[in-house]
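K.L.:
Protein chains in written order, with my numbering: chain A, 4 to 290; chain B, 4 to 409.
Derived from the structure by calculation, the hints contain no laboratory data. C-beta: ideal position from N, C-alpha, C; glycine also. Among the clues, some could well be false.
[To be verified] Cut-off 25 angstroms, straight-line C-alpha distance, at most; resulting in silico cross-link-like pairs (SDA-like, lysine to any residue):
#1 A/LYS286 / B/LYS6
#2 B/LYS6 / A/THR115
#3 B/LYS6 / A/LEU131
#4 B/LYS6 / A/ALA273
#5 B/LYS6 / A/VAL176
#6 B/LYS6 / A/ARG282
#7 A/LYS286 / B/LYS40
#8 A/LYS286 / B/ARG9
#9 B/LYS6 / A/LEU206
#10 A/LYS286 / B/TRP8
#11 B/LYS6 / A/ARG128
#12 B/LYS6 / A/ALA219
#13 B/LYS40 / B/GLY232
#14 B/LYS6 / A/LEU142
#15 B/LYS6 / A/ARG37
[As the list claims (entries may be wrong)] Calculated Cβ distances over 10 angstroms to all of chain A for the following chain B residues:
#16 ALA13
#17 ALA53
#18 VAL144
#19 VAL195
#20 ASP245
#21 GLU250
[Unchecked claim] Covered stretches of chain A, as calculated for chain B (at least 3 residues, CB under 8 angstroms):
#22 32-44
#23 96-106
#24 128-135
#25 155-166
Listed here are the chains, written in short residue letters.
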Amino acid sequence: MPAESAQDRPIGSGGSLGLTLVLSEIAVLFRRLRTWAMIGALALIPILIAVVVRVSSDGSASGRGPAFLDSITQNGLFVSLTALTVAIPLFLPLTIGVVAGDTIAGEANLGTLRYLLIAPAGRIRLLLVKYAGAALFCLVATLTVVVTGAIIGALLFPVGPVTLLSGDTVGIVGYFLRLLLLALYVTVSLLGLSAIGLFISTLTTVPVGAMAATAALAAVAQILGALPQLEWLHPWLFTNYWLGFADLLREPIAWTSFADNALLQLGYIAVFGTLAYGRFSTKDVLS
Amino acid sequence: MNKNWRWLPAGIVPAVIVAASVSGSAVAEAQPQLPAKTAQELLEFIATSADDAYSGTLEQTSELGLPDIGMATPPGGRAGDDPTSTALELLTADHTARVYIDGPDNARVQVLDELAQRDVVVNRDNAWTYDSATNEVTHAVLPDKESVQAEAEAKLQEKIAEYPELQDVPRPPAELARLFLARIDPSTEVTVGANSRVAGRSAYELRLEPTDPGTLIGSVAMAIDSETGVPLSMTVQAKGQDVPAFETAFTSVDFTAPDAALFDFTPPPGATVTEIPTKDELEATLDARSGAEHAPPAGTPTDGHAEPEVIGTGWSTIVELPAGTATGLGLPSGQDAPGMSDIMDIKPGMDPADVAGAQALLEQALTEVDGGRALQTSLVSVLITDDGRILVGAVSTEELVAASRT
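Same shape as in the complex, but just chain A:
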């Protein structure tokens, strides 16, 4: 692991300005080889799907496999949707878990945390800055899947007006507006998980532990969400609306799931944000 976090950071120089801190955090995050490896892995998902479909395309729409897979041969723009459907349950939570779990525990592990904390008020700001970095990664990760999917789809397959789930068609511009909304929806969906990761990261000085715990929680929540016996619990799970992004592909757009999802994620941010504050502000930072 490169020990660049503290050295490259202009500590103190912009201490009064939160923005400088956020920018430096983002710079550190995206200067890491690990971040780019994860983004590369995410970009591989749509590429893999598109190439496999192109190579084995014998025109038989079996109706099996992930949603939208059959539509790819007719319209390459569907690669983004298939890739998102595949990435949301596993790959996106995994990468978010790595980034969010590393936020505080990573600095503690490198022994750089105490340098970042000069005043007690600095702790809140550090939490906010770390969270902003994780949230930005959510957006970048989602956009990576969507944009790579659209590009590789356009390269390998014909492109044209897109059929929505309701059977209506939209032009390419309208479709890209929806894709952007969709990326926003998925980003919002992942914010709750990022907050959980931030909290777990304040509990430990072993970043790998926090990463694994965060990713495992995402899996546990999805398993609980698949059990009909726990139906009363489902609206409270942060994974509940993860596949609801399809509501943006209906005509007219079903905004309720977007709003419900945002409210739910806001609740998770509030609960785990305050928990992280409680833990981090009372913690004795020794490293």
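Please build the complex by placing chain B on the supplied structure of chain A, with the hints as guidance.
P.N.:
Positioned in the frame of chain A, the structure of chain B alone reads:
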């Protein structure tokens, strides 16, 4: 000194969230005050809503005592696309649907599945269905409204010629409502229930309660919007079951005219379009076919048009489909018990996993009873006798078995 106060927000935030969600549902429970209406007035009120334009979201839940096939389906997929599975899935699984209505001529229903959608569009002359999972469209040309009306009017005139006293019978909605109530009175108790709130609107409740002890149906309740008379929910309660056996209700409703473009439908490129023949076309094909092959092939039931027999009256009516129907449909009839593969319409292209899943489901649902096999749900029972008859009714399996013996 003590830094523990910093944990305070972490305690307050969950408390606020819980309080907000509890108070939110408490507000919804409040019972509205409305001017009293009789059952007859409510029926007239519903009749006035036929021309209304509105849109809304419906939630359907059912608790029929059948195995839930939704559990065995992967996200984004469905338990097979053959008609049997689709019908079972529509009945047993929970659904959310959006409804757009503009008068009696234009309607659009969208069943919102996870990562998929099924649409039904009806505009003046055309009816379309679209399934996004299979990219299949069906299209039917609706019979001309005027000719249907003319036909009905001609029939009425015929009747009037037969019974001249009908001429003087006025038929306003009020009169129809009175006739309807008089007609169902002996078997059913029609009452006005407690007012409720449905989709944020105050609503009357009209309850139908069968007096017949033989039926499985406990009650049918309908919530009627207090301003427009549009039915907002329907709940069917089964006897001896606390949760409604079937419930469909608006969760949100908007009484402004929906966008007219919603009722236009053009099949998307690449979709498979199936045309459903009109009545005339169907008759023409049938005539042509019977001309070509006069004698029906040996082995087919000759009385293909045998009328189903109706046993009993009112809520415990049992419909008996004559012998041969079950085998005609491919259902097993005991004697020459065919494999389960004959039960469903299995096409060569179908995925074996789909077929196996649907078969297991049917095998699980059917139970052996005296003289055949039965499917018992909390509302309806179906009996397939060993000699190939099918009996259906909103009664217990025992009643069906008894009826099959007579």
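K.L.:
If a hint holds in the structure, say so; if it does not, say that too.
P.N.:
The hints, checked one at a time:
Restraint check for A/LYS286 and B/LYS6: the C-alpha separation of about 9 angstroms stays at or below 25 angstroms, so the hint holds. The hinted pair formed by B/LYS6 and A/THR115 meets the criterion: a straight-line CA distance of about 23 angstroms does not exceed 25 angstroms. A threshold of 25 angstroms between alpha carbons decides the hint, and for B/LYS6 with A/LEU131 the separation of about 20 angstroms falls inside it, so the pair holds. As the CA atoms of B/LYS6 and A/ALA273 are separated by approximately 20 angstroms, the hinted pair is consistent with the 25 angstroms bound.
At most 25 angstroms may separate the alpha-carbon atoms for a hinted pair to count; B/LYS6 and A/VAL176 exceed this at roughly 54 angstroms. With a C-alpha separation of about 10 angstroms, the suggested pair B/LYS6 and A/ARG282 falls inside the 25 angstroms cut-off, and the hint holds. Using a Cα cut-off of 25 angstroms, the hinted pair A/LYS286 and B/LYS40 is violated, with the two alpha carbons roughly 66 angstroms apart. A threshold of 25 angstroms between alpha carbons decides the hint, and for A/LYS286 with B/ARG9 the separation of about 11 angstroms falls inside it, so the pair holds.
Pair hint B/LYS6 plus A/LEU206 holds up; C-alpha atoms about 17 angstroms apart against a cutoff of 25 angstroms. A hinted pair counts as satisfied when its Cα atoms are at most 25 angstroms apart, and A/LYS286 with B/TRP8 qualifies at roughly 13 angstroms. Of the pairs offered as hints, the one joining B/LYS6 and A/ARG128 holds, with about 18 angstroms between alpha carbons and a cut-off of 25 angstroms not exceeded. Only pairs whose Cα atoms come within 25 angstroms are accepted, and B/LYS6 paired with A/ALA219 is rejected, the gap being roughly 31 angstroms.
Taking the CA atoms of B/LYS40 and B/GLY232, the gap is near 12 angstroms; set against the 25 angstroms cutoff, the hint holds. The straight-line distance between the Cα atoms of B/LYS6 and A/LEU142 is roughly 35 angstroms, outside the 25 angstroms bound, and the hint therefore fails. Between B/LYS6 and A/ARG37 the alpha-carbon distance is near 36 angstroms, which puts this suggested pair outside the 25 angstroms criterion. For B/ALA13, the shortest C-beta to C-beta distance to chain A comes to about 4 angstroms, within the 10 angstroms cut-off, and the non-interface label is violated.
For B/ALA53, the non-interface assignment is confirmed: its Cβ lies about 25 angstroms from the closest Cβ of chain A, beyond the 10 angstroms cut-off. With a minimum CB-CB distance of about 18 angstroms to chain A, B/VAL144 clears the 10 angstroms threshold, and the non-interface call stands. Distance check for B/VAL195 against chain A: the nearest CB is about 32 angstroms away, which clears 10 angstroms, and the non-interface claim stands. Even its closest Cβ contact with chain A, about 16 angstroms, leaves B/ASP245 beyond 10 angstroms, as expected for a residue assigned away from the interface.
Separation of B/GLU250 from chain A is adequate, the least Cβ-Cβ distance of about 15 angstroms exceeding the 10 angstroms criterion. For the region 32-44 of chain A, the proposed coverage by chain B is not satisfied: 0 residues have a C-beta within less than 8 angstroms of a C-beta in that chain, short of the threshold of three. As drawn, the region 96-106 of chain A meets chain B at 0 residues by the rule of a beta-carbon pair under 8 angstroms; below three, the given contact is violated. By the rule of at least three residues with a Cβ nearer than 8 angstroms to a Cβ of chain B, the coverage given for the region 128-135 of chain A is violated, with 0 such residues.
For a cut-off of 8 angstroms, the count of residues in the region 155-166 of chain A with a CB near a CB of chain B stands at 3, and the three-residue condition holds.
Hint compliance for this structure: hints 5, 7, 12, 14, 15, 16, 22, 23, 24 are not met, and every other hint is.
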